[in-house]
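K.L.:
Sequence:
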Amino acid sequence: MDQNYLDEEPKEMSFVDHLEELRWHILRAVASIFVFTVIAFVAKSFVFHDIILAPARTDFLSYRAMCKLGEMIGSEALCITELGFTIQSRQMSGQFSMHMLVSVVIGLACAFPYAFWEIWRFVSPGLYPQERNSSKGAVFYVSLLFVLGLLFGYYVVSPMSINFLAGYQVDPSIVNEFDLTSYVSTLTTLCLSCAFMFQMPVIVYFFTKAGLLTPEVMKLYRRHALIVILVVGAIITPPDVISQLLISIPLMLLYEASIIVSGNIRKKDLKKLNQNNTI
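Residue 6 in the numbering used here is what sits at position 6 of the sequence shown, and the numbering runs on without skipping anything.
If you're looking for bench data, these hints aren't it; they were derived computationally from the structure. Note that this is a predicted model, so its numbers are computed, not measured. Heads up, a few of these hints could be off.
Quick list of the computed label-pair ranges, beta carbon to beta carbon [as the list claims (entries may be wrong)]:
#1 Phe116 - Asn176: 33 to 41 Å
#2 Leu144 - Gly263: 17 to 25 Å
#3 Gly167 - Gln88: 12 to 20 Å
#4 Asn264 - Cys67: 22 to 30 Å
#5 Gln88 - Gly126: 49 to 57 Å
#6 Met92 - Val147: 32 to 40 Å
#7 Val175 - Ala43: 31 to 39 Å
Where a beta carbon is used, it is the ideal one built from N, C-alpha and C, also for glycine.
With the hints as extra help, turn the sequences into a complete structure.
P.N.:
So this is what it looks like as structure tokens:
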């Protein structure tokens, strides 16, 4: 094969070609979500009994872990033996609607790494070589933080919120009978909110690389960030202090970790700048 042909740079794509390329990436991403949605829809018994309704039972992994922790420290208060509520469906199409919603949410959660990879494949060729090198591993870290946030929301925030709301009574005569729609909406909102909020270090990384953010600015506005995090925690969680703290504390830790990430990026950029000036 002609060496000149191998060394030839790829031709620049037209605007229409870019749209066509974007269309195929989006179609593949949507197709992956659709495939996992169908799988979740078919596996109805497993999805609802072992995943969605699991935090509503006392044999849930988080409750059992808390009970063991209570035994170790000699505190029976941590052992949850009863959840004082029942789940009902008060609408004719309630169960079918929730079946569809849950299937889509699980499809989105399972397909997120691949879907993000497809979008990244479209975006990355448009970056400069230096930007492309700086963003290596973006798909891995975004997917990892998404999964960690999802697991944190499911195993920590959700069961604690459900336990608090289920046990809260203004009068003993009032029985907690939650609608299936309310329960599923609360669970999915908490899990997805944690998953996306855990992307903070990645966002800070790219903002720092773009010169829009510095560790000095993040340290200066640390108190303001704490207030914003508490407000966001109050918005995306049920109206109780425990849920708000459960999501605010890790977000504040992520903010501190983001300062470290921003600082490391800043040091590397300054080091490269000094080397270039020396040369």
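K.L.:
All the hints need checking, so say for each whether the structure fits it.
P.N.:
Comparing the hints with the structure gives:
1. The given range of 33 to 41 Å is respected by phenylalanine 116 and asparagine 176, whose C-beta atoms sit roughly 38 Å from each other.
2. Look at leucine 144 against glycine 263: about 21 Å separates their beta carbons, and that is inside 17 to 25 Å.
3. Between glycine 167 and glutamine 88 the C-beta distance comes to about 18 Å, which sits within the given range of 12 to 20 Å.
4. Between asparagine 264 and cysteine 67 the beta carbon distance is about 41 Å. The supplied range of 22 to 30 Å is therefore violated.
5. The hint said 49 to 57 Å for the Cβ distance between glutamine 88 and glycine 126, and at roughly 51 Å that hint holds.
6. In this structure, methionine 92 and valine 147 meet the distance hint of 32 to 40 Å, their C-beta atoms being roughly 36 Å apart.
7. The hinted window of 31 to 39 Å between valine 175 and alanine 43 holds, with their beta carbons roughly 32 Å apart.
Checked against the numbered hints listed earlier, the structure breaks hint 4 alone; every other hint is satisfied.
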